[in-house]
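Novice: Sequence:
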Amino acid sequence: MENRSPLKRVTRMDGHTHHHTNDRRELQMARSMCWHCQSEVSGEYFCDRCVKVQPVSKELDYFTCFGIPRRLALDQQQLETKFYELSRAFHPDFYQNKSDAEQTISLGNSAMLNTAYRTLRDPIQRAEYLLDLEAGSVKEIRTTPPADLFEEILELQDTLDEFRASDRTSDAAAALRSQLQSERTALEGRQRDMETQLQQLFGRWDSLQDRGDATDQARAERDRILKDMRDTLSNRTYVKNIVNDLVATIA
25 MENRSPLKRV
35 TRMDGHTHHH
45 TNDRRELQMA
55 RSMCWHCQSE
65 VSGEYFCDRC
75 VKVQPVSKEL
85 DYFTCFGIPR
95 RLALDQQQLE
105 TKFYELSRAF
115 HPDFYQNKSD
125 AEQTISLGNS
135 AMLNTAYRTL
145 RDPIQRAEYL
155 LDLEAGSVKE
165 IRTTPPADLF
175 EEILELQDTL
185 DEFRASDRTS
195 DAAAALRSQL
205 QSERTALEGR
215 QRDMETQLQQ
225 LFGRWDSLQD
235 RGDATDQARA
245 ERDRILKDMR
255 DTLSNRTYVK
265 NIVNDLVATI
275 A
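When you line the sequence shown up against the working numbering, it's residues 25 to 275, in that order.
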């Protein structure tokens, strides 16, 4: 007979030990019944009755996967600790002698877990993912220049084209390279400013989440923060791509 998983008792993100209760919802499963014995499952890693690993729902959001609220300031150590805890539960190496169904489930759960961890540990990816969850806004990140940079970017593109067409050993190319290096430095400064703005928006979002306010005013503030976050992320992405193009061209 298989042993019950040690993860029936887990350490939550806040450091407190959480014991099994009937209303526990650590993870949402892909179905409400165990795929093996058909008994009811209630959001646990394993079936209570047959102790078979259960497939994590593809609809599960990454924040819920790690048992954390939709905040943008995360404790990286706690996130990593939770990741390794779940990895031990789902890693395919522990299912080599199990059935084909269990091996398939462990592979799927591990893949989802790895993607979730990569997304949440990076502040920018985490913010883009939250936007996608909250408003689908990540799909609207544009590829046009920020309004206040439009003319500057057009001039920069002309300079880049001129540099690409030049004799790289000429004095003219050296002057163009120096000009492009100055542009790169200025754009990197703008990128840092945008990242500072994002940190401020992250703080506003987290404060709003912590208040748990459901008034019309709070909803309006939420929408403003999401819009500002989307716009700033869009601008940062565009500037970052231009900087990368500059680096590759003048290297």
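In case anyone wonders, no lab produced these hints; they're calculated from the structure. Don't take every hint at face value.
Simulated restraints on C-beta separations [claimed, not checked]:
#  : residue 1 : residue 2 : range
1  : Ala272    : Glu83     : 31 to 41 Å
2  : Cys74     : Ala242    : 40 to 50 Å
3  : Cys74     : Val271    : 37 to 47 Å
4  : Leu173    : Asn121    : 53 to 63 Å
5  : Gly227    : Arg201    : 47 to 57 Å
6  : Asn138    : Gly236    : 44 to 54 Å
7  : Glu104    : Glu179    : 16 to 26 Å
8  : Ala242    : Gln205    : 42 to 52 Å
9  : Val271    : Leu84     : 16 to 26 Å
10 : Glu104    : Arg216    : 18 to 28 Å
Heads up, simulated DMTMM-like pairs for lysine to aspartate or glutamate below, C-alpha to C-alpha not over 20 Å straight-line [unchecked claim]:
#  : residue 1 : residue 2
11 : Lys251    : Glu219
12 : Lys264    : Glu212
13 : Lys251    : Asp156
14 : Lys251    : Glu175
15 : Lys264    : Asp230
16 : Lys264    : Asp252
17 : Lys251    : Asp230
18 : Lys82     : Glu126
19 : Lys82     : Glu179
20 : Lys264    : Glu176
21 : Lys122    : Glu176
22 : Lys264    : Glu158
23 : Lys264    : Asp146
24 : Lys251    : Asp269
25 : Lys264    : Asp185
26 : Lys82     : Glu152
27 : Lys264    : Asp182
28 : Lys76     : Glu126
29 : Lys264    : Glu179
30 : Lys264    : Glu175
31 : Lys76     : Glu109
32 : Lys251    : Asp237
Predicted model only: the values in this text are computed from it and were never measured. Backbone N, C-alpha and C fix where the C-beta goes; we use that ideal spot for every residue, glycine too.
Novice: Honestly, which of those hints from before does the structure not fit?
Specialist: 3, 5, 6, 7, 9, 14, 15, 19, 21, 22 and 24
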